[in-house]
Amino acid sequence: MWRDKYGEFKSLTHDHNDVDDIYASVNFQNDHWLAIWISIPKRHIVVWDIIVKHISKAQLDEVMEPFLTMVPYLLVECASTDKERIKYSLEPFTYERAKVGVPQCTTDDCFVYTLKYIECHALRYTLFPAAFCEKNVEHIREQMAHDIYHETPGFEGIEDKSSYYNDLDMYG
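Read in this note's numbering, the sequence shown has 66 at position 66, and its numbers run on one by one without any break.
It is worth saying that the hints were derived from the structure and are not from the lab.
From the three backbone atoms N, C-alpha and C, an ideal C-beta is built for every residue, glycine too.
Some hints could be false.
[Said to hold, decoys possible] Cβ pair distances, simulated, as ranges:
(1) P129 - I86: 39 to 49 angstroms
(2) N136 - M70: 16 to 26 angstroms
(3) D61 - Y125: 41 to 51 angstroms
(4) N136 - S89: 21 to 31 angstroms
(5) E77 - V100: 17 to 27 angstroms
[Stated by the list, open to error] Straight-line C-alpha distance at most 27 angstroms; calculated DSSO-like pairs for lysine-lysine:
(6) K99 - K53
(7) K135 - K53
(8) K42 - K83
(9) K57 - K42
Turn these sequences into a full structure, and let the hints steer you where they fit.
Below, the structure written as structure tokens:
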């Protein structure tokens, strides 16, 4: 999936230091996931939430505050030169919760949706596909697990995958 399109992705960027977008999954109180898109040029963060009623505006403000203040500092501190550092301000970013065109769900599959929001946006979809809905979430989850499994480097020659996970202490 991703490795197949890496050449296309790499050809889109002119300089490996040119990063305009950062995506992240954000956990809220260990029971809910949000997807965020940080636009560096716009100094703005968009939040995609599968269940808007799950988290209030005040709670979301509290969750987002560290991102709004940390990202500008990280940009300044991680700049490779003083010339780069001057490009960035320490002023906090702004944010919004996207509400229009974001598929909603009532199940506990918010992490699946979170990953799909990020994937669709990173692939520059202007709308989320119609098939991205609650009735298809089980199939989407299985397909994602399949894709991740097959994209994991080093699995090609491993006959007994269970010993690999035991070595990583993944399953106790």
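TODO: Enumerate the violated hints, using their earlier numbering and listing them in ascending order.
DONE: 2, 3, 4, 5
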